Each structure stands twice: as C-alpha cells, then as structure tokens.
Amino acid sequence: MAAAATMMPFGQQISSQNTLIPDWTSKEVSTGTTIMAVEYDGGVVIGADSRTTTGAYIANRVTDKLTPIHDRIFCCRSGSAADTQAIADVVTYQLGFHSIELDEPPLVETAANLFRSSCYRYREELTAGIIVAGWDRRGGGQVYSVPIGGMLVRQPVSVGGSGSTYIYGFMDSNYKPGLNKEQCLELTAAALSLAMERDGSSGGVVRLASISEDGVERRCILGNQLPKFSTH
Amino acid sequence: MATLSVSQPPVAGFSFENCKRNAALQTEVNKLGCSLPAARKTGTTICGIVFKDGIVLGADTRATEGMIVADKNCSKIHYISPNIYCCGAGTAADTEMTTQIISSNLELHSLSTGRLPRVATANRMLKQMLFRYQGYIGAALVLGGVDCVGPHLYSIYPHGSTDKLPYVTMGSGSLAAMAVFEDRYKPDMEEEDAKRLVRDAIAAGIFNDLGSGSNIDLCVITKGKVDYLRPHDEANKKGVRRVNELEALHPTGDYKYKRGTTAVLTKATTPLNLEVVEETVQTMDTS
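Line order of the protein sequences matches chains V and H.
Converting from the first sequence to the numbering used here requires adding 91 to each position, the first position being numbered 1.
Converting from the second sequence to the numbering used here requires adding 32 to each position, the first position being numbered 1.
Incorrect hints may appear among the rest.
[Claimed, not checked] Just the calculated beta-carbon pair ranges, DEER-fashion:
#, chain 1, residue 1, chain 2, residue 2, range
1, V, Gly291, H, Glu223, 36 to 42 Å
2, H, Lys257, V, Arg214, 48 to 54 Å
3, V, Gly291, H, Ala211, 51 to 57 Å
4, H, Asp286, V, Leu313, 55 to 61 Å
5, V, Val244, H, Phe239, 26 to 32 Å
6, H, Lys104, V, Asp180, 37 to 43 Å
7, V, Asp194, H, Thr145, 46 to 52 Å
8, V, Thr322, H, Thr145, 55 to 61 Å
9, H, Ile100, V, Asp180, 37 to 43 Å
10, H, Phe239, V, Tyr266, 51 to 57 Å
11, H, Arg156, V, Glu216, 44 to 50 Å
12, H, Glu223, V, Asp132, 41 to 47 Å
[As the list claims (entries may be wrong)] Chain V residues, not near chain H, derived (Cβ > 12 Å throughout):
#, residue
13, Ala177
14, Tyr211
15, Ile239
16, Phe261
17, Ile312
18, Ser321
No wet-lab data here; the hints were simulated from the structure.
Just so you know, these numbers come straight off a predicted model, no measurement behind them.
Backbone N, C-alpha and C define an ideal beta-carbon position, used for all residues, glycine too.
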C-alpha cells in the first residue's frame, strides 16, 4: 500500500539524490496484505496472508498479522506495519486494564471501539486498516471493520488490505449466511489463496484462526498446500 | 507602552519547524549547483541468527559519507546490556545515540526490577521511541540476546515496526546477506556452523554492495557468555607500502611492486634507427 508517499515527503527528497542506496532501505514497512474475517454461529474465523514489504523487497515472508488483543479477541492488521503494531499495543493495554476493572472478559464491541477511537483521532497521521474479530458471551461471534479513516461498522463477513479488491466478486458470489466452522475455514483459505495469486503485495503462507467459547485454534497453510484454482 | 502577550503553554511533541527550513534550503542550494553536506550513513550489512545455544550477530565495518568511506573500521555492534547486543544500520549518529539511550534506560529498569533485562523489553523501548519520532530517526536495528526465556532476535525498522524471526538482515547489503541465509539456514545449528554462516552472509554484503566493506565483526551471545569478535575476519587487507630506510619512521612510499615480482618470460629489444635531422638550442631568459 502506498503509505510512504503521504508520510515522508522530506525523506523521499533526500534519498532520491543517491541512486546507489536502493528505495527499499528508505521506504516504510507496509503490510501489503489480504485479511479476512467471517462470523459463524458460535464464533469467528479469521485469516491473513504473511507478506510484509518495504517497497519492492519482502522484509518478512512469514509475518503473523493475526494479533491477539485479549483471550478471545483478535485483530487483523493491514496498512503501515509500524502504525498497526503501535495501535494494537495501545489497545491491548487499554483493553487489559478495562477487563481487570470490570473483572470479566471484555466485549468485542469494546475492543472495536477502542481501535476506532485511536484510528479516528489520529486519522491524518495513521495508515491503518484493521478488522477486529472475536467471541464474547453477550454477542457470540462478531466481526467489526475499522478501515482507514476510522469508521466502525459491524459486518457478518469482512475483507481488507490491498488484495481484498481482487476477491470482492468471489465473496459476493460464494458467501451465504448460516455456514458452519469448517465451511468458513474453507471459504477463507480459498479467498486468501485467490487474492495472494493476483496481488503482488500479498503472499507467503495463509494463517487461519478460529475463535469460539472453547478457545482459539490456530492453523497455517503452507504455499504448496494452498487450494489451486488455475489449470494453466 | 504596555504590550499584551498571551503566554502560550509549551506545545507537546516533536517540533518539525526545522524540517521545512531544511527542505527550503535544499531547493535553494540545488539552484546554485552545490549540495548540502551528507549525513554519515553506515551503508552496511548487518545480520543475526538464532542457533542451538543462542544468537550470532554479524556486521561489516564501513561507514560512508556520500560516496567516500569515512571510517574503514567502525564498530556497528552496540552494547545494550550484558546479555543483549544490537547491530545498527542507517544514520550512524542515530543508531549510536538510540542504542546508548535505550542501554541506559534498560540498566535503570534492570536495577529497579532486580533481574537481568529481557530482549522483549529492549525491543519495546526501541520501537516505542522510533515510532514517536515517526521515522525521522534513521535507525534500522538488529537486536539479539539471550534471557531467562531463551534466545531472541528482532529486526526493528526506522518507523517503529518490528519482526521477531529466526534470521534477519538489514542495511543496503541485506539482500545479498539474505540470499546466503535463505540458502543455508537450518534451525538448531552448532556454534561453528552458525558463525561460518553469518561470516559468509556479511562477506556477501561486503563484496556485492558498495555501501558495505572492510572487515567482519561477530558477536556470539549464549547463556552466561558473550564473545565479541572484532575483527573476526579481515576480508579486505590493505596493501603494504614500500618503505625506504631513510623514511622508516614516516612511510611515504608508494604501492609499487619491486622489479621481479612479475616473472619475465621473454625479452625482445627492437632498436629504433633514428637520424638526427636538426638540432637547435634556445636559451631561456633567466634575467
């Protein structure tokens, strides 16, 4: 994602004079990304690719973009790596404190609102697209989307990141409400594989997690085990 | 005459006023055809790996100022705490000062907790400081150490993002070094294999990247022991200058090789027959 252009006009001027220092030593680290979250009855399934880029170089090919915020609440990060890591750390602290005050597990809606509050207040300085997903006793499995700009909206299924544009059609035609956990996992793996195939900033492995009352189950699908779609 | 002045409370956060001034100066100076002095950058190849018993960190030793080598043997592996060391790439002053500040804060923190500091703590402190300065501190770091939980290795970018990985490279030579790692890295290597791999990765950076050069420094951190090997490998030895007996104290000789260094295989002399046609002498006016 083109995060660097708006953030550092001075930095780009200085570095362009010395052509022996390539652009990936000065470009900001961006989680190019495809991220996704789906609700099912009893929990949520979340998934992400694993590529972090600085310009044209892949800085980390095994990134974990599914960040735990609390025991049953995760967030999927896209946009600037530094911004999303910093926001996630802040929200983890705020939510942990709030949960201790309440003396009960926090709501997913609370976590989503904490993200929205930071993302909206500092919207001019940040480039962060986040999907908050988790399970709580009051609402069951929930998915909240906090895109760039700081909007907050609850959706049954949400995709994000630069690779998401390639799979809107796939999602519109293949998602129906009332899927069970296994179907959600298959749908997520398929959608992410398709996006990773077409988007240069997404790739690596597919990381999946399913969150329910019983806990969090993490899975990793390696490159050669991804579902294949093209026959040529 | 009384003047009303409203006292403004000090504005929190970093003041970016001088950045606008610097940008304006840059365009003015470019019109005149010269350029502003370049900050000294450590062009650099730095890398680190996790092996069976701990961490091996490696770095080259060249510091550049634009296209000139400012320091042929600078030290890029910085001390953070007895069990944690940090390699720095990017602007030399930024890496030096950032690591010193965090080292100082970490020592105070360690005295306060009464425990050996953890690598995750150093990582947190570094990323929070770099994020606060929004990337204007040009420090790209490879942080490694062994604490009570085990060996840890982090790469930290100037904007404040970090990655926790089994092997990392940073700097302008990072692509060359990463190529070596991706080919030969295996989990749970022995110490000698790990040292050899890091040495080869830095050598790849030194010989294939113009911003990296000179020698290879290594730092091996294990539980309870740190080996700071500087230099580990003098990959580029300087030639020896010829010295006359008279000038033994201040060698001003040149790098020429003495007659006989290259073996003479054949010798063929062709005399040129020249006829003297005319000879004139013109005296110089030395009055």
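Structure-based check of each hint:
no.	hint	verdict
1	V:Gly291 / H:Glu223: 36 to 42 Å	holds, 39 Å
2	H:Lys257 / V:Arg214: 48 to 54 Å	holds, 49 Å
3	V:Gly291 / H:Ala211: 51 to 57 Å	violated, 20 Å
4	H:Asp286 / V:Leu313: 55 to 61 Å	holds, 60 Å
5	V:Val244 / H:Phe239: 26 to 32 Å	violated, 54 Å
6	H:Lys104 / V:Asp180: 37 to 43 Å	holds, 40 Å
7	V:Asp194 / H:Thr145: 46 to 52 Å	violated, 27 Å
8	V:Thr322 / H:Thr145: 55 to 61 Å	holds, 60 Å
9	H:Ile100 / V:Asp180: 37 to 43 Å	holds, 41 Å
10	H:Phe239 / V:Tyr266: 51 to 57 Å	holds, 53 Å
11	H:Arg156 / V:Glu216: 44 to 50 Å	violated, 21 Å
12	H:Glu223 / V:Asp132: 41 to 47 Å	violated, 53 Å
13	Ala177	violated, 5 Å
14	Tyr211	holds, 19 Å
15	Ile239	holds, 17 Å
16	Phe261	holds, 30 Å
17	Ile312	holds, 20 Å
18	Ser321	holds, 26 Å
Going through the hint list in order, the structure does not satisfy hints 3, 5, 7, 11, 12, 13.
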